[in-house]
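S.K.: Sequence:
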Amino acid sequence: MAAVLIGPVYPSENAAPIFAKRIETVQKEGMQPMADAIPHAAVGKKASPLAKAFIRELLLGQDPAGYCSNCRVIINAKPPNYSKINIPVLILAGEEDKSAPLDGCKKMFEEMGTNEKKLEIMQGIGHWHCLEAFEEVSSLIESFYNEIQ
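For the sequence shown, the residue numbers in this note's numbering are 344 to 492.
A portion of the hints provided could be inaccurate.
In silico DMTMM-like links for lysine to aspartate or glutamate, alpha-carbon gap of 25 angstroms or less [to be verified]:
#1 K388 to E367
#2 K427 to E400
#3 K389 to E367
#4 K389 to E372
#5 K421 to E356
#6 K388 to E439
#7 K450 to E400
#8 K421 to E400
#9 K449 to E400
#10 K389 to E479
#11 K427 to E439
#12 K389 to E454
#13 K441 to E490
#14 K389 to D379
#15 K441 to D379
#16 K460 to D406
#17 K421 to E454
#18 K388 to E478
#19 K427 to D379
#20 K449 to E490
#21 K427 to D446
Just so you know, the hints here were simulated from the structure itself, not pulled from any lab data.
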């Protein structure tokens with residue numbers, strides 16, 4: 344057993360105002376404002392126009408209530424006891440990720456109790472790792488799998 348965390352959000356009170364604003368916007372205007380902003384604001388410099396368009400479509404297809412519910416989970420989340428993790432863990436962090444900032448990923452990594460852990464910082468990548476750099480994500484996961492075998 345092992346875990347791969349892709350752009351994990353470290354629970355923080357600093358995130359609450361950002362996600363509260365998203366909830367307010369979505370409740371008033373639906374997903375359109377998120378679809379207009381996020382494909383440009385939440386990706387890194389390596390994101391292709393195709394990836395941005397796909398992110399836009401994913402957001403437009405998202406149920407507003409479900410999106411708001413996810414935002415509430417992030418707002419109310421508390422850090423778990425990362426020191427009790429005892430399985431191999433790979434964290435993929437986007438160097439330019441604003442939703443799951445690199446500092447939070449590093450903090451999570453340092454708090455993990457497992458000796459088999461790896462933090463990969465993906466250069467030029469924002470929060471949509473799998474869409475921005477699917478081949479790199481795949482390669483990093485495969486390498487980690489081979490290391491822990």
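S.K.: Now, for every hint given, state plainly whether the structure supports it.
M.R.: These are the hints, each one checked on the structure:
1. K388 to E367: Judged against 25 angstroms, a Cα distance of about 28 angstroms means the pair is violated.
2. K427 to E400: violated, 38 angstroms
3. K389 to E367: Between K389 and E367 the Cα gap is close to 30 angstroms, so the pair fails against 25 angstroms, i.e. violated.
4. K389 to E372: Not satisfied, since the Cα-Cα distance of roughly 30 angstroms exceeds 25 angstroms.
5. K421 to E356: holds, 9 angstroms
6. K388 to E439: holds, 8 angstroms
7. K450 to E400: violated, 32 angstroms
8. K421 to E400: Violated, at about 31 angstroms.
9. K449 to E400: Violated, at about 31 angstroms.
10. K389 to E479: holds, 12 angstroms
11. K427 to E439: violated, 29 angstroms
12. K389 to E454: violated, 30 angstroms
13. K441 to E490: violated, 29 angstroms
14. K389 to D379: Given pair K389, D379 holds - Cα atoms ~19 angstroms apart, limit 25 angstroms.
15. K441 to D379: holds, 17 angstroms
16. K460 to D406: violated, 35 angstroms
17. K421 to E454: The hint holds at about 14 angstroms.
18. K388 to E478: holds, 16 angstroms
19. K427 to D379: violated, 40 angstroms
20. K449 to E490: holds, 21 angstroms
21. K427 to D446: Distance ~21 angstroms between K427 and D446 Cα, so the pair holds.
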